[in-house]
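Enquirer: Chains B, C, D, E and F with the ligands: place on chain A using the hints.
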Amino acid sequence: MNGFLDLAAANLVSPVILSFALGLAAALGRSDLSVPEAAAKALSIYLLFAIGFKGGAAVAANGLDRTLVLALLGGLVLSFVTPFVAYALLGVLTRLSPLDRAAVAGHYGSISIVTFVAATSVLEDAGIAAEGYMVAVAAVMEAPAILSALWLVARSGQGGRMDAGLMREILLNGSIVLLVGSFVIGAATGEDGLAQISSFIVAPFTGVLCIFLLDMGLVAGRGLRQVRGVLGPGAVVFAAVMPLAGGALGLGSAALIGLSPGGAALMTTLAASASYIAVPAAMRVALPEANPSIYLTLCLGLTFPFNLTVGIPVYVAVSQRILG
Amino acid sequence: MNGFLDLAAANLVSPVILSFALGLAAALGRSDLSVPEAAAKALSIYLLFAIGFKGGAAVAANGLDRTLVLALLGGLVLSFVTPFVAYALLGVLTRLSPLDRAAVAGHYGSISIVTFVAATSVLEDAGIAAEGYMVAVAAVMEAPAILSALWLVARSGQGGRMDAGLMREILLNGSIVLLVGSFVIGAATGEDGLAQISSFIVAPFTGVLCIFLLDMGLVAGRGLRQVRGVLGPGAVVFAAVMPLAGGALGLGSAALIGLSPGGAALMTTLAASASYIAVPAAMRVALPEANPSIYLTLCLGLTFPFNLTVGIPVYVAVSQRILG
Amino acid sequence: MNGFLDLAAANLVSPVILSFALGLAAALGRSDLSVPEAAAKALSIYLLFAIGFKGGAAVAANGLDRTLVLALLGGLVLSFVTPFVAYALLGVLTRLSPLDRAAVAGHYGSISIVTFVAATSVLEDAGIAAEGYMVAVAAVMEAPAILSALWLVARSGQGGRMDAGLMREILLNGSIVLLVGSFVIGAATGEDGLAQISSFIVAPFTGVLCIFLLDMGLVAGRGLRQVRGVLGPGAVVFAAVMPLAGGALGLGSAALIGLSPGGAALMTTLAASASYIAVPAAMRVALPEANPSIYLTLCLGLTFPFNLTVGIPVYVAVSQRILG
Amino acid sequence: MKMHRAKRVAVIIEAVMQRRLTDAMEAAGVTGYSVMPVLAGGGRSGPWTREGEVSRAGGMVQIVCIARPDKLDTLLSEVFPIVERHIGVITVADVEVLRAERF
Amino acid sequence: MKMHRAKRVAVIIEAVMQRRLTDAMEAAGVTGYSVMPVLAGGGRSGPWTREGEVSRAGGMVQIVCIARPDKLDTLLSEVFPIVERHIGVITVADVEVLRAERF
Amino acid sequence: MKMHRAKRVAVIIEAVMQRRLTDAMEAAGVTGYSVMPVLAGGGRSGPWTREGEVSRAGGMVQIVCIARPDKLDTLLSEVFPIVERHIGVITVADVEVLRAERF
Ligand SMILES: Nc1ncnc2c1ncn2[C@@H]1O[C@H](COP(=O)(O)O)[C@@H](O)[C@H]1O
Ligand SMILES: Nc1ncnc2c1ncn2[C@@H]1O[C@H](COP(=O)(O)O)[C@@H](O)[C@H]1O
Ligand SMILES: Nc1ncnc2c1ncn2[C@@H]1O[C@H](COP(=O)(O)O)[C@@H](O)[C@H]1O
Ligand code: NA
Ligand code: NA
Ligand code: NA
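Going down the list, the protein sequences come from chains A, B, C, D, E and F. Each residue of the first sequence is one higher than the one before, counting from 452 in our numbering. Each residue of the second sequence is one higher than the one before, counting from 452 in our numbering. Each residue of the third sequence is one higher than the one before, counting from 452 in our numbering. Each residue of the fourth sequence is one higher than the one before, counting from 446 in our numbering. Each residue of the fifth sequence is one higher than the one before, counting from 446 in our numbering. Each residue of the sixth sequence is one higher than the one before, counting from 446 in our numbering.
Keep in mind that the hints were calculated from the coordinates and are not lab data. Fair warning: this is a prediction, and the values are worked out from it, not measured in the lab. In this text, a Cβ means the ideal position worked out from N, Cα and C, and glycines have one as well. A portion of the hints provided could be inaccurate.
What the hints assert, rightly or not - With the Cβ distance kept under 10 Å, some of the chain F side facing chain C (calculated, not the full set):
| # | residue |
| --- | --- |
| 1 | Ala455 |
| 2 | Val461 |
| 3 | Thr476 |
| 4 | Pro492 |
| 5 | Thr494 |
| 6 | Ser500 |
| 7 | Ile532 |
| 8 | Glu541 |
Excised from the complex, chain A in its bound form:
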């Protein structure tokens, strides 16, 4: 318990989390502070490239764990399965239409890479090691949940749009390609490669993350200003309960697979997090009738801050306790 409180406290007063809080506060106070769209996209390219590369270089350094294939498979299954849990939970807690429930469910099956990155920072600061290939697991978990969501919609009688074009868009969306690509580059160039670019992707990483989270705070705060019109209390409860449910599934899988405590914390975080970059874009194409305000506010306005502040320390502490 002490370990958890220390972790939680250290996390809450870290520059990273406070930068997010600053963005949130600025947006809620209606300051005109804003990060240009091009800069926000550039920051996200940096983060994806850096995290992918470091994961690959770690794999090159430590060799391939025999659990790698299991972890990838586990991630795949989690991403497929979690939407069903979310869909059922939404049925209990809210009065959303089946279509909106399915759309939201797809987001929670998929992952938020920034939440993953934040968890990685927390582990590093606490000196807890984790499998480098977890970033590949993250990439694998992005897309399958979308298919589950569309299946849920089809079952409920409404047809979503899904064709070969959309399928390719989903599988080859920029963040998956960049994450996997830089992972492969990191694995191929190994320690030598890392040495060449570590003063770009390692040293300033946490600082860049602060600015990115400042921006996420601004965007999340803007969404939250409209929350009252959009979400009922049940949905708000869902935004905090669902990560715990998803996290529990993630932790269970991690234990079965045999991940290290650090790796398990990351798997838990991935399962607990909800997408707000790749999945919303796919949903606008596939399910245009679903209300985007609902899933964006839930994922980015509520679950993302929840995970960042409360969730990650819990996932790390519990993983340590159970598997440590």
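Expert: For chains B, C, D, E and F with the ligands alone, kept in the frame of chain A given last:
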């Protein structure tokens, strides 16, 4: 005197100043060199975040000086008072309308954060310490001058627009929020926080400043190409005399407050500098009939380069001489 | 030979080249991965500033080699002459119109600064020294080839547009001004200046180059997707033969001038490379009837990747062998 | 396809006035508006460009509103007082729209 | 100068649908189209802005196509099914063009 | 509100020609013009996009000029020679403006 010449020489051949000169020359020569707007905004976010954070971390490290409150108050008063000096001086030196004089006066009461940052660099290179909270003083000085300008306009019989909305816009404008916010984050996370992100906000700082000043040079040079049509000789004289007058007020206040020589140099610089980011935007809303070419050319085209090249070394040397 | 294979292998599995390959693959696979235009421009400003500054600082450190003037003159002549070789070769290998041949020829006489930067990295990794002023030679080589191209067009009876305005645009285009300007700043501030900003322009350089090459790969891949409609097999052969021909001229000049093996490798690379930033813009103004798809696809889609992967190791190895 | 007559009101105005203008449009009861960037321009007060600018002052945006013809007068009388004291250009054009019920 | 009548079709639509819409326009046989950015907007589903956004969801673009009047019907019938299920506004205006042979 | 007839001339042209075109407009005596970005497009010479581009070649901008109807001919005859040899589209539309004295 020697000290001053050394400082001035070191300042003039620093990469930072030469980058500004390069931008100026490129714009005056009508090169198509340009920095994208999104990149310029991203750079300014970086600089504000870095300077705020470092100020806060310094306060956390050194404890709160008992002069902090006095310095904040002093900044407030300076920002309120300086516009009256500027307004009177403009009345003597130029034939500008009362409206344009008031608008210009508001800019000189407020501050230029980049000038402040450049002064900080000069102090650092010269190994002169300064109070970390001076960045909070900078934040406090941004807005009050706008109110003085509006009061001057009202007195001269023309009505500016000022309502609750504009007041909130001014007080919560992006640069104030970011500066104060990152100052608080730096103060809250202290040396630990700084250690986490110093290879982002400390190590590359001077280099980033070079690129930003390159851009400022380009923008200033563009403005200067139109100076002949806009400003008479009296206004040009004002652009060099007013910073000295403002700086004298700043230095006097610093002496009264009891700041260190480094802190006094910064206070002098703040009082001597003129806003060209936050105040122009507020003036366009509040005083749309005032001619923006006048205040932009004065502040960015003339006073900014003056302070950067001649002003800062003078302010540092004189502060050292008088208070050192 | 061994030296070459080692170099080539080290080059091919470097993060820099693999990032380019990732971009290329993503574009060819029609992923939506993209770098915002503003970010791409900001990266190119960074690279030009850094490479120029470092070159200037090197000159300040090592003193002016007596070969400097010869090298600048050599670059000038190469840039003027190479278009004629390219024009003749295109006449043999393709059925392009004289206008298109002249336009393409202008690109190959000029230079690609990113190719130059990549060659610099390879030299650094291999521990081979080179003259710092080669970056000034690069700047000198940008523009003359455009005049040769226009002369070729005029000779073939079609009139290009060339007036004082365009001439100034070409000579003062952003990349020349930034390269020369930062070279001068580096030379003026020397080791002191470099020390102030080296954690911005030296340490993260290779990492930034990776992201820039990712973007170049994306842009090149987009162009390549249209190659079949635009270029015949003769043009494709040209894209690989011309750099070797240009490179041979460059190497010969370097030997005559008496450059070090490293400097000779850079001179060879410059002569072998083809412009795809400055020259296309000038050609659109001067020769609007020439087909831009042809020269962009040749320079960026084919010759650039050729030089990056095969060319540079060859140029370095051959320069070492002949002059080492 | 069945088309309906509508008005396209386009206001080029200083960026700092954007929110005030869209508030006025909403007050006039329009169903929507879109904001487009303006990169550069020239007029009686000389040329300008957004390149390298950090301040919001000195840039302009274009705000486009498609409205039913009968709403035009209300719209203009809400919008005009805001544009009046500021740099800006208002144009109104006839257009046809699908799905008239949306406007 | 000799001018010719043409139609200016402007579609404001979600950015994620851009490629599908321009594909449909090409299928309708237009000679070209241009895509312009939209920074922000407001409508029945509330206000939005691109500021600080990373995701392509939630932004809009404007796609403008100048077409010969006799191509308008084909164009609209190709384009409408795509806009129908999505957030978006289609307007058609009369314009005059030089060089009619280009459209 | 009192409206006046005017012409909206919109030229989509290669970005490298921007200054030459606005110079020509000024030479024709217009009171102002605005430059808007174009992100992407397609035409007889294939599709293009600004994404990731560093070079100014290969992008386009839209230049919009609101002018009094009687200035149209001068304007077009100044502008046409510049557009003629280049990729570009000129459209002219009827609009109404407030504050006619400004044009
Ligand atoms: N006739 C016009 N057509 C298009 N845009 C204009 C026109 N007049 C003014 N503008 C825009 O409004 C800005 C300010 O105009 P002005 O107040 O005349 O300096 C210009 O820089 C242009 O961006
Ligand atoms: N009447 C309108 N005029 C201009 N743009 C509109 C209009 N209605 C909607 N839009 C644009 O379409 C978006 C979505 O509209 P809506 O579906 O009504 O929320 C808005 O945010 C605007 O960007
Ligand atoms: N009919 C059109 N409507 C709108 N934009 C067009 C049209 N034709 C051409 N364009 C624009 O002009 C560019 C060049 O056209 P083109 O010369 O036909 O390849 C295209 O990529 C579009 O951006
Ligand atoms: Na998840
Ligand atoms: Na001041
Ligand atoms: Na060359």
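Enquirer: Could you run down the list of hints and mark each one as holding or not?
Expert: Here is what the structure says about each hint:
1. A distance limit of 10 Å between C-beta atoms decides the matter here; for alanine 455 of chain F the minimum to chain C is near 20 Å, and the interface restraint is violated.
2. Annotation: interface hint on valine 461 of chain F holds; nearest CB of chain C at approximately 5 Å, less than 10 Å.
3. Because the beta carbon of threonine 476 of chain F sits about 24 Å from the nearest beta carbon in chain C, more than 10 Å, this interface hint is broken.
4. Annotation: proline 492 of chain F was flagged as interfacial toward chain C, and the flag holds, the nearest CB pair being 8 Å apart, inside 10 Å.
5. Restraint check, threonine 494 of chain F versus chain C: the minimum CB separation of about 8 Å is within 10 Å; hint holds.
6. Hint on serine 500 of chain F holds. Least Cβ distance to chain C is approximately 4 Å, under the 10 Å limit.
7. The beta carbon of isoleucine 532 of chain F is positioned within 10 Å of a beta carbon in chain C (closest approach about 8 Å), and the interface hint is therefore held.
8. Proximity of glutamate 541 of chain F to chain C is violated relative to the hint, the smallest CB-CB distance being about 35 Å (cut-off 10 Å).
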